[in-house]
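S.K.: Sequence:
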Amino acid sequence: MSDGKTNGKKPGRFARWRKAPVLVLALAVGAVVVVALLPADKPEPQATPAPPINVTVETVTALPLVADVLEVHGTVQAERVVEVAAEAAGRIERYAAHLDPAGKPDGRALKKGDTVRASQPLMYINADLLRAERDRAEANWNFDRRELERVQEARSRGVATSMDLDNARTKLAVSKAILDECRTRLARATIACPVDGVLNDLPVEVGEYVNNGMIVAQIVSETVKVAVDVPEKDVQYFRVGDEEVVFDGLRGAFTMTGHIGYISKLADTVARTTRMEIHVPDPAHQLHSEQIVSVRLKRRELPGAILIPLEAVIPQVRNDRITHQVYVVEKGLAQPRQVQIDVGFIRGTRVLVREGSDLRAGDVLIVRDPRRCGPGQPVRVIAPNGAATRPAAEAATQPARPEPTTAREPSHDSL
10 MSDGKTNGKK PGRFARWRKA PVLVLALAVG AVVVVALLPA DKPEPQATPA
60 PPINVTVETV TALPLVADVL EVHGTVQAER VVEVAAEAAG RIERYAAHLD
110 PAGKPDGRAL KKGDTVRASQ PLMYINADLL RAERDRAEAN WNFDRRELER
160 VQEARSRGVA TSMDLDNART KLAVSKAILD ECRTRLARAT IACPVDGVLN
210 DLPVEVGEYV NNGMIVAQIV SETVKVAVDV PEKDVQYFRV GDEEVVFDGL
260 RGAFTMTGHI GYISKLADTV ARTTRMEIHV PDPAHQLHSE QIVSVRLKRR
310 ELPGAILIPL EAVIPQVRND RITHQVYVVE KGLAQPRQVQ IDVGFIRGTR
360 VLVREGSDLR AGDVLIVRDP RRCGPGQPVR VIAPNGAATR PAAEAATQPA
410 RPEPTTAREP SHDSL
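Quick note: the sequence shown uses the working numbering, first residue 10, plus one each step.
It is worth saying that the hints were derived from the structure and are not from the lab. Not one of these hints is a red herring.
20 angstroms max Cα-Cα, derived SDA-like pairs, lysine to any residue: (1) Lys307 <-> Glu80; (2) Lys340 <-> Arg369; (3) Lys120 <-> Met223; (4) Lys121 <-> Leu131; (5) Lys121 <-> Arg89; (6) Lys121 <-> Glu102; (7) Lys121 <-> His107; (8) Lys180 <-> Asp144; (9) Lys242 <-> Tyr271; (10) Lys180 <-> Glu190; (11) Lys180 <-> Thr170; (12) Lys180 <-> Arg154.
DEER-style ranges, computed between Cβ atoms: (13) Ala186 <-> Val244: 47 to 57 angstroms; (14) Leu138 <-> Arg284: 41 to 51 angstroms; (15) Arg260 <-> Leu74: 23 to 33 angstroms; (16) His297 <-> Thr199: 29 to 39 angstroms; (17) Ile331 <-> Tyr271: 33 to 43 angstroms; (18) Gln347 <-> Ile301: 41 to 51 angstroms; (19) Gln300 <-> Ala186: 43 to 53 angstroms; (20) Lys121 <-> Tyr218: 16 to 26 angstroms; (21) Lys274 <-> Tyr218: 41 to 51 angstroms; (22) Pro240 <-> Val91: 29 to 39 angstroms; (23) Asp277 <-> Val91: 24 to 34 angstroms; (24) Val326 <-> Gly385: 16 to 26 angstroms; (25) Arg284 <-> Leu74: 22 to 32 angstroms; (26) Asp378 <-> Ile331: 16 to 26 angstroms.
Just so we're clear, the structure is a prediction, and the values are computed from it rather than from any experiment. Just so it is clear, CB atoms sit at the ideal spot from N, CA and C, and this is done for glycine as well.
With the sequences and hints as input, model every part of the structure.
M.R.: Laid out in structure tokens, this is it:
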């Protein structure tokens with residue numbers, strides 16, 4: 010019985026502590042196995058530098074002097090149109106003789122389209138009656154003149170009175186006035202040209218009877234005026250007397266120089282334009298009324314102006330405002346520059362860079378596809394044959410080029 014009781018007893022505390030190291034060792038081994046079976050951490054990939062892109066550049070150049078020109082269309086008008094009226098009644102006797110450049114008659118009568126000069130005779134009115142009146146007035150004047158001499162002699166002898174002398178003097182003055190009137194009326198029987206110009210019309214024929222005030226000829230001045238409508242924002246640049254250029258924009262048949270003769274003080278409230286007239290001498294008669302011509306108006310002259318290709322400019326919107334950006338090459342990297350451009354000054358494919366911009370003469374400007382660039386982007390300058398023969402950093406030392414270098418995009422293999 011003693012053996013049975015002994016076998017039925019529970020293990021003691023010492024036996025349990027003997028098994029603890031075995032359990033700890035088993036757990037450690039299991040943990041090592043689990044850790045060994047876990048996948049190893051992948052090494053972080055190192056950032057590779059962005060490959061350089063091919064760019065076309067030009068060196069920014071400041072031009073010594075650039076004329077800011079506004080080109081508009083204008084309408085030719087006659088500067089002066091003079092309607093010549095008869096100042097004496099009578100029958101048209103004949104047209105006056107045409108004068109050669111030396112001012113001498115060349116044997117033919119005047120006709121429409123002839124050039125005439127001031128004081129040159131145009132036509133003659135029959136003056137038979139006017140001559141008779143003049144002759145009568147001259148006879149009366151001669152009689153009164155001699156009568157005054159007789160009265161003066163009689164007065165010196167005490168025979169004539171002072172009243173007799175006054176009456177003789179008065180009669181002589183009246184007869185002299187009548188004689189002057191007759192001579193003037195006779196002179197006006199010859200209708201003369203009042204201004205230099207072109208005999209544009211002869212509305213009366215030889216043999217017709219004309220009265221005082223009837224129009225007998227029309228003279229158009231050789232100087233014409235070209236009327237143009239200038240936008241209100243540009244009127245401030247012009248003054249009366251400024252020299253401007255008028256030319257035929259379609260055929261290029263002529264180019265003339267004129268001067269601003271008039272600038273309206275009132276603008277067109279609908280079109281927001283101001284009327285301006287340019288007076289142009291036209292001795293060769295190349296311009297005609299209502300002809301449409303082109304006018305080159307010089308607004309201002311800009312020293313040290315910088316013009317860059319429009320393709321190089323990137324429009325941006327910042328704070329609801331439109332700004333403009335370009336990229337330049339510095340030490341082989343593309344760097345952005347903020348610029349202010351004058352959209353009112355575009356010459357061909359180039360636009361004016363205003364003062365105060367970040368762009369300076371000597372900067373190496375990226376002129377083709379600048380949107381491909383980013384700040385700090387490595388770039389390579391492309392030679393005309395398409396090969397990247399020099400780094401972009403060396404492009405800044407090259408002389409200014411008037412036009413961008415043209416290049417074709419290289420293949421991916423060359424990159």
